[in-house]
Each structure stands twice: as structure tokens, then as C-alpha cells.
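Novice: The residues making up each chain are set out below.
There are 4 protein chains.
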Amino acid sequence: MAGSTLGTMFKVSTWGESHGKGIGVVVDGCPAGLTISEEYIQTYLNRRKPGQTKYSTPRKEDDYVEILSGVFEGRTTGTPISMVVMNQTQRSSDYSEIANYYRPGHADYTYDSKYGFRDYRGGGRSSGRETTARVAAGAIALAILDSLNIHVSAYTRSIGPITIDYTNLNLQNIMQSSLYMPDLNASAKAEDFLLEKMNESNSVGGVIECVVTGMPAGIGEPVFEKLDANLAKAVMSVGAVKGFEIGDGFKSASMLGDANNDAFHYEDGTLSKETNHAGGILGGMSDGSNIILRAAIKPTASIARTQHTVNKANKNIEINIKGRHDPIIVPRAVVVIESMVALTLVDLLLQNMASRLDKIQEFYKN
Amino acid sequence: MAGSTLGTMFKVSTWGESHGKGIGVVVDGCPAGLTISEEYIQTYLNRRKPGQTKYSTPRKEDDYVEILSGVFEGRTTGTPISMVVMNQTQRSSDYSEIANYYRPGHADYTYDSKYGFRDYRGGGRSSGRETTARVAAGAIALAILDSLNIHVSAYTRSIGPITIDYTNLNLQNIMQSSLYMPDLNASAKAEDFLLEKMNESNSVGGVIECVVTGMPAGIGEPVFEKLDANLAKAVMSVGAVKGFEIGDGFKSASMLGDANNDAFHYEDGTLSKETNHAGGILGGMSDGSNIILRAAIKPTASIARTQHTVNKANKNIEINIKGRHDPIIVPRAVVVIESMVALTLVDLLLQNMASRLDKIQEFYKN
Amino acid sequence: MAGSTLGTMFKVSTWGESHGKGIGVVVDGCPAGLTISEEYIQTYLNRRKPGQTKYSTPRKEDDYVEILSGVFEGRTTGTPISMVVMNQTQRSSDYSEIANYYRPGHADYTYDSKYGFRDYRGGGRSSGRETTARVAAGAIALAILDSLNIHVSAYTRSIGPITIDYTNLNLQNIMQSSLYMPDLNASAKAEDFLLEKMNESNSVGGVIECVVTGMPAGIGEPVFEKLDANLAKAVMSVGAVKGFEIGDGFKSASMLGDANNDAFHYEDGTLSKETNHAGGILGGMSDGSNIILRAAIKPTASIARTQHTVNKANKNIEINIKGRHDPIIVPRAVVVIESMVALTLVDLLLQNMASRLDKIQEFYKN
Amino acid sequence: MAGSTLGTMFKVSTWGESHGKGIGVVVDGCPAGLTISEEYIQTYLNRRKPGQTKYSTPRKEDDYVEILSGVFEGRTTGTPISMVVMNQTQRSSDYSEIANYYRPGHADYTYDSKYGFRDYRGGGRSSGRETTARVAAGAIALAILDSLNIHVSAYTRSIGPITIDYTNLNLQNIMQSSLYMPDLNASAKAEDFLLEKMNESNSVGGVIECVVTGMPAGIGEPVFEKLDANLAKAVMSVGAVKGFEIGDGFKSASMLGDANNDAFHYEDGTLSKETNHAGGILGGMSDGSNIILRAAIKPTASIARTQHTVNKANKNIEINIKGRHDPIIVPRAVVVIESMVALTLVDLLLQNMASRLDKIQEFYKN
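Residue numbers (the working numbering), protein chains in the order written: chain A, 1 to 366; chain B, 367 to 732; chain C, 733 to 1098; chain D, 1099 to 1464.
Worth flagging that the hints you see were computed from the coordinates, not collected in a lab.
Every residue gets a Cβ at the ideal spot worked out from N, C-alpha and C, and that includes glycine.
Watch out, some of these pointers could steer you wrong.
List of simulated lysine-lysine pairs, DSS-like, C-alpha gap at most 27 Å [as the list claims (entries may be wrong)]:
hint	chain 1	residue 1	chain 2	residue 2
1	D	1457	C	1044
2	A	21	D	1119
3	A	189	B	617
4	C	1091	A	359
5	A	251	B	617
6	A	365	C	1091
7	A	312	B	725
8	A	322	A	312
9	C	1097	B	678
10	D	1147	A	21
11	B	681	C	1097
12	C	1097	A	359
Simulated coverage check for chain D against chain C, where a stretch passes if three residues somewhere in it have a Cβ under 8 Å from a Cβ of chain C [claimed, not checked]:
hint	segment
13	1198 to 1205
14	1223 to 1237
15	1301 to 1313
16	1402 to 1413
17	1450 to 1458
Residues of chain C placed beyond 10 Å of chain D at every Cβ, according to the derived structure [stated by the list, open to error]:
hint	residue
18	750
19	828
20	875
21	920
22	943
23	945
Just chain A, same shape as in the assembly:
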């Protein structure tokens, strides 16, 4: 069935395969009057682009986004915004070998199980390259949030065993670190660790953390469309993500009630919480404090080591995946997680406008 569309009010539909003609996205439901440009979208795509540092694949991907519709005289018109990144080079030949077996940790086998065959070139639709389209859409969502004074910042929390020290955390550092770690000390250690594992032809995982500031209280719809439930779905829909947490997450499972509850406090005309174990969400709705979430990313599945697998003729074989691949997905996925969070927030902010009759009456009075 159709699975490439996200959102209800703010609807994002991606398309494209790794080695097809291009990757694209249609954003439908974007409010009219938002200023955007190809240059603005491009700055987000550049954060995801490979070949930026020695920790990402040296494959050259010159991803230039083109806006094909929905923007007139620099502003969104309220109609669908179609964006496309054409593939510069389509080299299918390199992938003839992997057409015949199932790479461990990849979606080759499951695509074949579902559809009977697959576009095997570079992973086809299951390639991380699909996230280019998500980032282009995410840039639009982030611009909307920005206009509402809501800010989303994702960064690398840990790489393998190396975790940031929150006393060293400085969000200004994110862009200084080639691994997008806001603790430059930890970043340096993580680089060493990563180089060591790269030299062993192995790959590494990590955790991405994301903080949202400025969210008004009451966003998210009770029961099944809770804010945290929607964030979980959006984040878990990113390829290599294996876990999701909000606030204290799994740690809260071993906490006691008196330590886990966040006391409310009123001062200087503002209600706030003394702590934020809940990660900014109570009963599935934002509570006005910062939203904090984490995503666990598994190590890259493609490694240049001998692995066991099965080919399409049902033979047990040994393989050695050629080509150079990212030894870690985490840094490039940071902007993807940021995008997924932004897309979710915008959708729920728009849904929330219909919650109260008095506000609806006021809206239609003007």
C-alpha cells in the first residue's frame, strides 16, 4: 500500500530510488505566505551530503534541489511544493553483483519478499538517499517553526561508547564538530575511535539527541495521535533507527515515582516545571518546557568484511561488499532526525488550531 506519505495537514510524499533519475518530494498543505528559496533548502541538503568529511563516503553526490511548483514570487502559494534533486550520474553496472544475493542488515530480502523483485541498484528505494527528500521538506517545516519562534536542534549524543558530557555541552559547537557533537572533547575522542574502526573495515553506531525550544503547551492530540507517538513514528521511519526515547526514556523505567515526577512551579507570570524528566510531554501533549528525544542508530550495515549470506538460488555463500561506504550513519542522519521532528511538530501545530470553539469563532470573525 501507499507508505511514502507522512502527515495529515502538512503532507509530505517522497519518491525516488538511489540510482534512478532523481529523488523528490511533494509538500502539500504548506501554509501560503512563507518565504523560501532553493538556496535556503540547499543549506539543509548540504548538511546531509556525503563526502564532506573523512567519516562519510567519498562518493560525490552533487545534490542540487530545484523547486518546481508551489512558490510564486518567492513565497509559498498554499498549493503543493514539488522539489527534485536529479541524480547526476546513474551507474547501474557497479551493482550487478548485489542483484543476486541478500546483503545482511539491508532490505534486499524483505523487498523481494514483498514485491517479488527489487530495484537492486544501490539499495533502490531503501537507500539512505531517500532521506534527501525528507530533508528538503524538513527545511520548509523548520522555516515555519522559526516563524513561530520554535527551534529544533539535533546533534550527536554518542558514537559507539563515547558520549557527550553535558557539562561540556554547547549547542554552538555542533557545527564545529565534524561529527556534529556539541562537546568538542567527546568529538575528538569519537573521531579517534571511528578512525580505528574504519581501519578495521568495521562500522559504528550512535545516538542522536534532539531538543525543541519554544513549543506552546497543548500540542498533540490525545490517545492515538499523541505528540510523542507521532515523533516516535517519524523518527523510527528513518532507516537505521532501532530505538526512540522521550525525556528520561528507558532510564525512567528504573526510577521511583517521587524522582520521576516533575513539580510544577509558578513565578513571574509563568508556569514551568522544576525538572524535565518527562521531556516536555505530558499525556501526549507538549507541556511548554523543552522537548527532548533520542534516536538509537545502528552501525552501517555495509562493511568490507567477509559475511555469510544466501543468494537468490538459495545457496549459502560468502560475500565481501565492494565500494566504500560510510563507516557511520550518525552525523549525516542528524539533519534527517531534525527534519522528521520538524515535520511532526508542524503537522500537530496545524491540527491543534481546531481544538477550541472560542478560538475558531475568533478566527472566522476577522
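Given the coordinates of chain A, assemble chains B, C and D onto it according to the supplied hints.
Specialist: Then chains B, C and D, alone, in the frame of chain A:
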């Protein structure tokens, strides 16, 4: 906006407040021809019912389910199945006090922020009592899965610091343990821990694990409607859940690629994996091995200890929540998680039927 | 698949069969703060109730609506509103005969084709009795519209060959006519015609017209979610409706462009149209003038005349449907059409709130 | 809100403005294994292309479709199919004048009302040019139907006052008539009528009829997702459509019950109906006989005659729309209606697969 409906093909809509006239659910899209009865649904509700053991609230809730539509001569007709559990007693008076302040860890403040006021009786719509409706719907989903030889088993993995030992794990034990722990040794220790914390008027969290056997490969829709993304949303939509993992989850973030990849293997006419770090899902689709997931549950928010909070007049106050509450949510939530997993699987199994033209042609040939 | 839910923001899910335990509806996404009561809903149900005049079935249906959730202290809370009309009497025995053959003009054959069997008692789910639930939900939508000064009036335009004369049209007359015709002259003639056909054991069709006043301009979403497209779907989803028109409808197909276009005009601070051939909708959005639509209703399928059909053993048989049935559906369907229009308008009014960034910014500033 | 997506299982999202960079569509949920090519899609686009006859605008639109994703080695892969028709020339200058006033019968005023401003070039998003994208998607739906032996044929039933004579109707003639009328006699008369009105700088409307053969019984979901309700929405979403009928449609409103009911008949192993007043749909589901529907198309709104309207400065003005426009929309809309019908049928055929447990069990047994 409307947030009380889950699913696309198999659509579940719950309604009702803790202390209203009743709690109910409409299941639309249930295939025709399934044998169900009120007695069958009731067995699932009984697993969620309070007052069963000393670790749950002694409140008496005689939850009897009634099927109002969609079943004729013992079988589902394909039309909506409406089920209701009427509340036996509606005592609003007990809750007059909490009407005026925001309980820490609860949704009081966020409901007021969103809607301008709230049904404060027993938590209203945000009460865990709403999950009664999910379990009734889940029982139907579990019956469909059973008819397809797919089985879902949830159990308590940990209570506070006490975790089951997988060498002692025996799924037959789940029902022997009053905490639904499949390791009776751990269960006994957890009971002691729980009693100790209850005596200190505190509350405890834990982790629920769920295993699915018999899933065919290829279920789940690529990109945004991945199986794991949908499971995450469904599980995170349960009140006190703060984290979700699939397979090795957060642990995989600190693993190396060669250890995290599951090798494929072919033997005796069957393709399988040598390990299952992925938890049965690759590229967002089931891979034919067991699906394994976990949910982190925070400690019960209602505790009989003095807490700081704010009242509706914006005064900082001290409160002490009266009444006796579950010292732990985990055991009663086990069947809720099982239900949410089942609802998600059925929806995606039905969606998957439209994936291949040859199978559609075969379907309509008969 | 699930087909009993209508709407995106304002979501209505009906359930129940003609001779089951009851009929009900869950309204999810109703804004908080609307004043409603069972008495208010009941006034709408009474307009649909049979046995009111000699032109409707003398079957006694004492339909009393009960609100089970979503209303607290007389106001909607923003959470699902569950309403139920329990069936007073469940007499299945009367329907044993029709279990075995397919009534012409009814859904017996198509239900069996789809589901393999059917609840044959009184038409089961396909019975017009399901519209009780729509009217209960419609009453809520009409209350919301009323609070926004938008008014929906449906009435009988024609019965068989007798059509109202617009020079005699007076909306105040609707309730004076037992056929809900706003031209009492035509109403009297239609009554005569109807009695004549009743005496011949035949049945009669007609056309219902609906006028909406007070709609702001710009409601409806371009392309597939146009206002007229959604109205068409909602109206055509009512059992016996075979045609739908907006404005001049089919007549416009034989008009010339200069006669069909409505000129815009500005006077006294207001932009309006000199004519309204378009029926208040341009490009799928309301244009600020009255919305006018029509639904063609076929004659009642159940008639006490000998008819040819086929039984479940594939024998060609002659049947004579027992019991007394409405000789015409039109008058009782008037409030159903009004309800379907109201449900559609509310959903699109809520969707429209997210159209412009400046208005969203203003909304979240307060 | 997002309104440019149609369908649940088979999801079609169009984008693009008349004078933007291009028009496109993403088809998500297309079953894997369907053979399609750009050449095949192009044959459908050619039927919609202007400049084919003297009755359509002489504007040259060289619409070449390009498939950007979702097809591998000539077959659909199950992932989104992105198709684009780039605009060859983007001449905005011609449209500077209409930027400042509201054309009667067009969506200029309603777009401004909704979004605050509009892309005025050639009607922007509201242009009939958007239907190019629908036809490209429709071609895929028609190929799926073809593989299931279901055939959809739309044609012109009437042009102004000239209606086809059903005794002369021959579906083979459709392509012989430059107006797509299956009665060549009527076609010749309609051509004369059209030329006459063109010379008077006026425009003409008409009725399109569509017949579907080969539909299995039981397709369509009861209550709100009825087959006829979905067809109505899909057809009414096409720009100039003002009315929709199924079977006898508005005529049935003046028929008597005994004449309107279709008797069932069994012969030679097949159940059929003696007549088809119902147009192939009973209770919202296909009944196995031909589906027959009609759409009323208003005369083209753009005419080269003096018209009254209002400009953006709220002045009453006289205008005379320049450029040459189609004097009639009907012939070019025939393939659009065919497409909308096909898209709806495919979506409901796929949804229907989940109706019965025994068929689901059989599906998953293999």
C-alpha cells in the same frame, strides 16, 4: 483534531472517560467471518482489570464488555463492531479537589492548555481506563492473527532494577507470575522490591517486552509506514510509555557492524537468520524471524507523598494525592502492549495484500 | 476495509444494524466548549423518525439518544462524543423469509457478494436506520455552524412529477408541510399524488434541495478536496441518492458561457455576484454567496408488488415483500441531507484554518 | 490543508501550476509487476492535449511525460511512481492584466480569499492543465483494470442541446468523432452548433457519460466509502463539473418503484439483472452489471465577450478576456473523467481484498 482513531484498513476508535457513563470502541474494517464472543473479549479485559493482586489498585472495576453491533450468529459481518464497557459507579465527588490543581506527571495541565477546561474526574479522557477499549479491540486483532498462525506474547521484562534472566525465561510462566514475568525467580525478587516501595508510598516503573512469532516476511510499507515505525507509534501512544526499542535497540548504538549484522542462512528449504539483532525487521518490513520489541514504562505518577505544584489560581501549593493507586503500571499494561502490537500487525497484514499485481489478479480470478 | 468513518478533522464513525442492539456514532474532533444536550440532539432525530405522518412507515421507532462521553457539565470537552440509540425491540423472526433471496433495489446481493453472508434482519447495516447516527452527529455540526452564523436548510424540491414553484418558496413553510416542501401549494398536490401511488402499492422518488447561507469565502481545498467534491461524496453516501448537483447542475450543461458566468459586483463594502448559477462554489471553494445543491432520491425499493428475483439456491422466484414500508424516502431524508452537508462544511472550515502563515502566526501569538 | 492527494491504497498526488516549471504526479501504492512505459502514458496524455481540433485552443502544448521513479526494467516496483510533464515555455507576461481582477466563473476570487494572494499566471493551480497529471496517473489505473478485464469507456453524451441517440451508439465511433461522441450523426450536428457559438464568441457545455464493464460484484465499502460516493467525489473534483449521476440519476427521482427496481435473474450459471436503472451499484457496492455514470460540464468560463467584474481595488469594471480559449471543455475532459473513474475503481478493488477472513487466510497460506 480527531486523535482517537488508529489504523487505516483495520480502524479502531475509542471513546469514554474514566468516570463518565462508560468506555467503548468501534472496530471498523474487521474482515467478515471471524468467530468472536463477549466471553472471549472478556478474558482479555480481565488481564487488565485492577484489584487482581496486591500490586494493583484495590478499586473494584467490574468491567463487562457488551458487543452492540457487527457480529451476527457468532461471526463478524464485516461492518463496524461496537463494544462498550459501562461504568458501574460514577462517583464524581471524590475528585472535586483535583479539579483545582495540576497533578505532577499527569495530563491535567496539558488538557487545560489545549481545551481551556477538562473533565477532571479521575483523569477524564487521559485516564489509563481508556486502555480498556484498546484491549477489547486488541482481542479481535489477536483472534485474526491466531487464525493466521501469528502469535503475540508480551510480558514484564523488568521492574525497577530487577530484570529477567533469559536463561530462566519460560513463556509458560507469564500467567503464573502476578507481575507477568516469565522468570519466576526474578518475579519473586520484584515482588519484594515492589512491596518495599509501596510501603514507602512510592511508585515503580519497568520494561515490557513483546515477541511475535509466525510473521510472514515482507509486512510493513516502505518509507513512512514501516512496520517498526507503526509499532513505535502504537506502543508510544500508551499513557506511561517513555521509550521504544526494536531488537537490540539502544544497545545496537554501541555495537560494531560485524556484530550487529544478522547473517542469512538457508537450510531445509527455509531461509532464516543466524542471529536476530534486528528484532525481525529489515528496511521497515518483517523478515520472517521473530519480532522483538520493548517499551519503557515510567513509575505511576499518582503517589501518596507530598508534592509541589500549582493550582488554577496560579498559586504554588503542596499536595498529597488521596486514594490508593497502582504502585506500578507495568503488569496491567502488559496486555495493553500486546493489544497495540496486534492492532498494528493486522492493519499492515491487510495493507500488504495489495502489493503485487500477480497476487491481485489471482485474488480476483476466483 | 473501514468505510464507516467520514471526515478528517471532524471525524464521524457510525455503527449498528437495523435490528441489532442499537445504532450509534462517535464524533471525534469536535472543538471543546460547544454547548449540547440530549434534548437538543433529540429534536433532530425526531425529524427523521418514522410514524410521524401517513407517508412514512407506521413502524414505531422510539429513538432516544443517549450521550455516553465527550460532554462535561453541558459542554463538549474536545474528546470523542459517543452517542447511542438503543433499539427498543429486536424482532428477528419477521425477517426469516428475506434471508433466502435478494430483494430488487436492495443491497442484499452485494453484501453477500462482498462478505460471503449478511445480517439479513431488516437490511442489517444497509438499512436507512443507520442514518439515525448521521443525524445525531449532524446536529452537533449544525450547532457549530450556528455559532459561526452559517445556516443549512434542506427541503423537498420535488415529489415524483410535482416540483415546488420558487415564487411560492418560503423556508418558514418547511415545517408546516408534512413532506417538508417550502411551497404549500405544491405540498398539497404532492400529498395527493403520493396517496394515489400508495394505494397502488407503489413507491415514489423526489429531489431534495439544500441552501447554505453565511459561508465565508475560500472554504474547500483545491484539487481533490474541493468543497463540491466533498459535498457530493457526503450526499451520495446516503442510501437512495442517485444524483447530485451544485448550482445549475445538469442545466448548466446546456447553457452558454455568457449566461452561465456570474458577474462579480462591488457595493457598500461588499463583493458579491449578480447571479448564482455556480451555486456558491468556484474552483472548489466557497465564493461567499449561498451554496445550493440538490440530491435525486430514487423511489423506495421495498414495494408490496410481485417482483422477480433469485434466491440463494439460484432459483428464479417471484416475491412479494411483506410489512408496510415508507412509500417515499424523501421527507425523512431531508434532515439526513442537511446533516451530511453540515458535517462536510465543519470539516472543511476546520481544515481551512491552516491555509495562511500570517493567520497561523496570529493564532499562536495569543 | 493538503487537498492534492486522492485515494487510500492507491494514492495519487498531483502538483504544478499552469505556467510554472511543470506539472507532475506521484502515484504511491501501485502494485509491483505492472508493465508500463512513457509511450503508453503518452497515448493518454495525447487525448487530453489541446490544439488537436478546431474546437480546442490552438495553444501548442507539447506535453511529454517522463517517468522519474518506481519503474525498473519496464515494470512497476511497488514504490512511488513519479511522473512529470515539464512546461516547454513559461510566458508570464501575457497574464499581467488578469492579475488585477477576478474573472467571472474562475477561481481567482476564491484563491485570493483563501490564501491572500495567488499565482495568477494562466489560472495557476486552478488551471485545467492540472488534469494532465490526473490523466498520467489514470493511465496506470487503466492498465491495472485492463489486467483484471475491467474496462472503462467515457464519451461525450451531449453538447449543448444535442444528445446522442442510443440506437446509434457505437463505442467504436468514439475515436472517429472529434468530439468523442459515439453517435457520428449527433457528432456532426454538435460540430455545427459549436462552430456557430464559437463565431458568436460564446462557449458551450455538455454531458460526459462513462461505462465500466467487467466489474466484479461487491466492490465499494458500505456507509461513507460507497463506490458511487467515491465516484461522485472523484468526478466532481474535476474543474467544470457541476453535476453527477449514477444509472438513471435525476430521472429516477420521478420514476415509480416498480419501474425503477431491477429484477434479478439467473441463467446459464450467472446471476444478472433484467434492467440496470441502478447503474451497476446497489447499497454502494458494484452489483456485477455495467456501471454507468454521467458528469455535467459547464460552458468554458473564459469567453471573448464583455463581462462585468470587480478588480482588486474593489472597482466595478468591464473586461474582455484576451487570448483564444477552448469554446468547450467536454471533449478534452472525456479522458479526464475516464481517469478519475479508473483511479477510484482501483483504490476500491484493492481495499476490498481485506473483506473476508477466509480469503485473507488463503492469501497468506501461499
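Novice: Each of the hints needs a verdict: does it hold here or not?
Specialist: Hint by hint, here is what the structure shows:
{"no.": "1", "hint": "D:1457 / C:1044", "verdict": "holds (21 Å)"}
{"no.": "2", "hint": "A:21 / D:1119", "verdict": "holds (18 Å)"}
{"no.": "3", "hint": "A:189 / B:617", "verdict": "holds (20 Å)"}
{"no.": "4", "hint": "C:1091 / A:359", "verdict": "holds (12 Å)"}
{"no.": "5", "hint": "A:251 / B:617", "verdict": "holds (13 Å)"}
{"no.": "6", "hint": "A:365 / C:1091", "verdict": "holds (12 Å)"}
{"no.": "7", "hint": "A:312 / B:725", "verdict": "holds (21 Å)"}
{"no.": "8", "hint": "A:322 / A:312", "verdict": "holds (19 Å)"}
{"no.": "9", "hint": "C:1097 / B:678", "verdict": "holds (22 Å)"}
{"no.": "10", "hint": "D:1147 / A:21", "verdict": "holds (26 Å)"}
{"no.": "11", "hint": "B:681 / C:1097", "verdict": "holds (25 Å)"}
{"no.": "12", "hint": "C:1097 / A:359", "verdict": "holds (12 Å)"}
{"no.": "13", "hint": "1198 to 1205", "verdict": "holds (count 5)"}
{"no.": "14", "hint": "1223 to 1237", "verdict": "holds (count 3)"}
{"no.": "15", "hint": "1301 to 1313", "verdict": "holds (count 5)"}
{"no.": "16", "hint": "1402 to 1413", "verdict": "holds (count 7)"}
{"no.": "17", "hint": "1450 to 1458", "verdict": "holds (count 5)"}
{"no.": "18", "hint": "750", "verdict": "holds (13 Å)"}
{"no.": "19", "hint": "828", "verdict": "holds (20 Å)"}
{"no.": "20", "hint": "875", "verdict": "holds (21 Å)"}
{"no.": "21", "hint": "920", "verdict": "holds (18 Å)"}
{"no.": "22", "hint": "943", "verdict": "holds (16 Å)"}
{"no.": "23", "hint": "945", "verdict": "holds (17 Å)"}
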